[in-house]
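Work out the full structure: start from the sequences and follow the hints.
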Amino acid sequence: MSQSPDAIVIGAGIVGATSALALTNAGLKVLVIDRGQIASGTTSAGEGNILVSDKEPGPELDLALRSRDAWFELADDVGGGFELEAKGGVVVSSSGAESLRTLTAKQRESGIDARDISSSELWELEPHLSRSINVGAYYPQDAQCQPMLATARVLQAVKQRGGDVVTGSEVLAIENPRGVVSSVVTSRGSYSAPVVINAAGTWAGAIARLAGAELPIAPRRGFILVSVPTPHRIFHKVYSSDYVANVASGDADLQSSAVVEGTQSGTILIGASRERVGFKEGIDYSVVRILARQAIELFPFLASVQLMRVYRGFRPYAPDHLPVIGQDPIIKGLWHNAGHEGAGIGLAPASAQLLADTILDRHSFMNAAPFFPSRFFGGK
Amino acid sequence: MEVRFQVIVLGGGPAGLNAAKYAANAGYEVGLIDAGSRLGGQYWRHTGCEEFDQSVHHNFDQGSLLMDAVLANPRITVHSETNIWSASIINDEVVIRTNNGAFITQRLILATGAYDRSLPFPGWDIPGVMTPGAAQSLLKGHGVLVGKRIVVAGTGPFLLPVATGLSSHGASVVGLLEASGKYSWAKNSLELLRNPAKALEGVGYLLALRTKKVETRYRQAIIAAHAGANGSLESVTIANLDSEWKIRSTYKLSCDVAAVGWGFTADTAIASSLGLALDVDASGSVSVVVDENQRARQSNEAIAIYAAGELTGIGGSDLALVEGAIAGLAIAGSTQDLKTLKKRRKKLRSFAQALTKVYPVASGWKSWLSADTTICRCEEISYSDINEAREEFDASDARTIKLLTRCGMGLCQGRICGRTIADLMNSTPQERINSASRPILSPITLGEVAQEGLL
Amino acid sequence: MITFTFEGEPISVEPGTSVAAALLSHGERITRLTRINSAPRSIFCGIGVCFDCLVEVDGEPNQRSCITTVKEGMVVKVQHGS
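So the sequences go chain by chain: E, U and S. According to the working numbering, the first sequence is numbered sequentially starting from 1. According to the working numbering, the second sequence is numbered sequentially starting from 381. According to the working numbering, the third sequence is numbered sequentially starting from 836.
Hint data in this document are derived by calculation from the structure and do not stem from the laboratory. All of these numbers come straight from a predicted model, not from anything done at the bench. Yeah, the Cβ is synthetic: ideal placement off N, Cα and C, and Gly gets one too. One or more hints might be untrue.
Unchecked claim - Quick list of simulated restraints, FRET-style, between CB atoms:
| hint | chain 1 | residue 1 | chain 2 | residue 2 | range |
| --- | --- | --- | --- | --- | --- |
| 1 | S | E895 | U | S460 | 14 to 24 Å |
| 2 | E | N134 | U | L451 | 48 to 58 Å |
| 3 | E | E56 | S | E895 | 39 to 49 Å |
| 4 | S | E895 | U | G550 | 33 to 43 Å |
| 5 | E | G80 | U | R729 | 47 to 57 Å |
| 6 | E | A303 | U | I470 | 22 to 32 Å |
| 7 | S | G916 | U | D774 | 31 to 41 Å |
| 8 | U | D774 | E | V180 | 31 to 41 Å |
| 9 | E | H232 | U | M381 | 26 to 36 Å |
What the hints assert, rightly or not - Chain S residues, not near chain E, derived (Cβ > 10 Å throughout):
| hint | residue |
| --- | --- |
| 10 | S847 |
| 11 | K906 |
| 12 | M909 |
Next comes the structure, spelled out in structure tokens:
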């Protein structure tokens, strides 16, 4: 790879990787740079969710619907190998049938395949669900992948098709004489390119600042509990309907709701918590306790299943809970693709497509304007 | 359930026992938390039958007296069979969460000891291949011989007492293999001779073995294990090694147990949870950094955390006893003169350091691996799985390999394979320290985690 | 002496004996078959660190036989996979 690629992507997580591939497939020579190793940010702390069921109608849902299908196209393109599975999601309600039925009706209007199911259908889908949970909805479109393998495979495709990936290189400056991007200076060398994409996730604000730009992306901490491998007893992603409200919440305090699913190796993943505590070190075991309790309320058998591991991630979110996709309003040639909060994995391929279309001035599958970073600075 | 103590000691081996004793004698109420069903840790593992215990231990009286003193001390409460699943600092207190409730203090002494270091080789996962510590603990703790024809192998002074114990209790030790050279002690003889008691102890083992016709074969190692029809160990392939531990020639030996160990690894996960400063030595061994009073380094001035024994650097039981005493006295703010203890500690530490020079682990063990050698026992990941991930994804560090292959993600959470992966991937000291973190220290049911009242 | 069963067969031991010690002293070595390859495993570290010597005790899987003390009437089985 020369010192002058056609485009530089900062961030080798799932968003950076898919962005790089979208541009590579369009014929550009793309260089991906990360200060750490691949997927060493939030990507490796994700569950691999590819959901439409938890999105509110609007641009994010439109992005999610396209992205869900784009994941399967991506698997075809790079040859799979990341446990992509159209597992289906089951949402259960603790606040009675009416509110869930209202939600699913609204969702169907917006294009989500949301199916109301009877309690006997619910228990057939998930036989080990607590019998006190008797209201549910089924979302066959919800899918799952292994985010680490997905990122690795996508980056391999980028390299095989003429791109390159440089790890262990910290970006020190993004030079932009007279407000036009010219090069990226890293701890391991400088590269010049007319297009620089900020896909640094939770650290996208810091990267923007290296160019003299601003991006209001902040961390929202989450924990995931991992059980010991067990015989498969949970067959879909199962979560309670207050999950949707928590995602959209602007509350800084702890938002938690039960999200439970099995993996191919037999472990059970339990989430989900959201807190605005900055980049706080360590594990808050009181949150771990709440997540364990909520999971047991859904699946009583979990009480005797052992917890093996807990890990933590910092979701990148923007103040209006929409991702940021588009050119920086001040610095020409600097593009952002960040702030996907807890939906980074799911939204990555469509975000990458949207970004590539915008950069290359091509017609895209949706209007990208709702995601433009200029929305934070008074429009345009 | 939540219990507060003025001092909490984690670990009931030599270091923890002495720490508890000295802190209690200095006037403090002490809680001693131990995972075992009896005190003694690994070093003083015993059955409770005195005659037998005396026969397997080189000097059980000292340990016996200390254990009795701790149990009889009205200021010490012992919580046995208590497994710690997490530890954190909340509101200027250390909270230790266990399967028997939470223990809280502002003064903590970590003395959780170490376990055998393992290296992978073809067939090391066959039933019958185990660590020397396993053979030792079954003999000392239960009077059970793990097999009839035993090969003891690896490196380090621990092989001698293990072979001696097995041999004198009726096992046929058909091979005692030390991968280091016969005269490597000579290069460090000054330090070793400064500790005549320790040197004599070693000679004692060699003599005892000689009466049983067990001779140490130097520069030899088991490089492959083979199973019989029943799936259990039947024979091993032994190599004559060069100074880098590469294979020069091989021969086979039939046996039903291979007890193989390469020194020790301390479990520093709890130290990592508590934010203690950690260090890595030249061999890649992670230890807790302590000052001259055994006090660990962390940022919360309201609490005092000390560490003693193998956690501060592998050094054996005599050093553990001294460090435990210093920690117990220091945490109690005792004005007792620590000079003598510190002098003894200095001597024992330099002896321990000299031993690591006598028994280094050379990198040639990597050449013993074949494609299907299991690297991660829990998740059944092979050497070729790792190499494929390296090549296919240009993965060059341990963390990425772990995330791509699931190595280290099984039940033991990398206790056995973690150091191996770090060695195979040439991890930096900081990477080794980062991977010491393990927020769930041992498995605990979700039901127990979900209980109310837990901090 | 206390009695427990291993794969349905009764074994009697002194109180305080670990399941691993009990099995070994009765010629039983294999405690489990692994999840992916159904490979036989046994005691490896002997002190509760390696999680290889797992058995199913009274219906609960993932019990480390080396640190589980035999209790009267315990039902121990070879663990298959997870």
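Status of each hint after checking the structure:
1. S:E895 to U:S460: 14 to 24 Å: holds, 21 Å
2. E:N134 to U:L451: 48 to 58 Å: Holds, at about 54 Å.
3. E:E56 to S:E895: 39 to 49 Å: holds, 43 Å
4. S:E895 to U:G550: 33 to 43 Å: holds, 35 Å
5. E:G80 to U:R729: 47 to 57 Å: Since G80 (chain E) and R729 (chain U) have Cβ atoms about 55 Å apart, the given range 47 to 57 Å holds.
6. E:A303 to U:I470: 22 to 32 Å: holds, 25 Å
7. S:G916 to U:D774: 31 to 41 Å: Roughly 33 Å apart at Cβ, these two residues keep to the hinted range, so it holds.
8. U:D774 to E:V180: 31 to 41 Å: holds, 33 Å
9. E:H232 to U:M381: 26 to 36 Å: Since H232 (chain E) and M381 (chain U) have Cβ atoms about 35 Å apart, the given range 26 to 36 Å holds.
10. S847: holds, 29 Å
11. K906: holds, 18 Å
12. M909: Holds: least Cβ distance 17 Å, greater than 10 Å.
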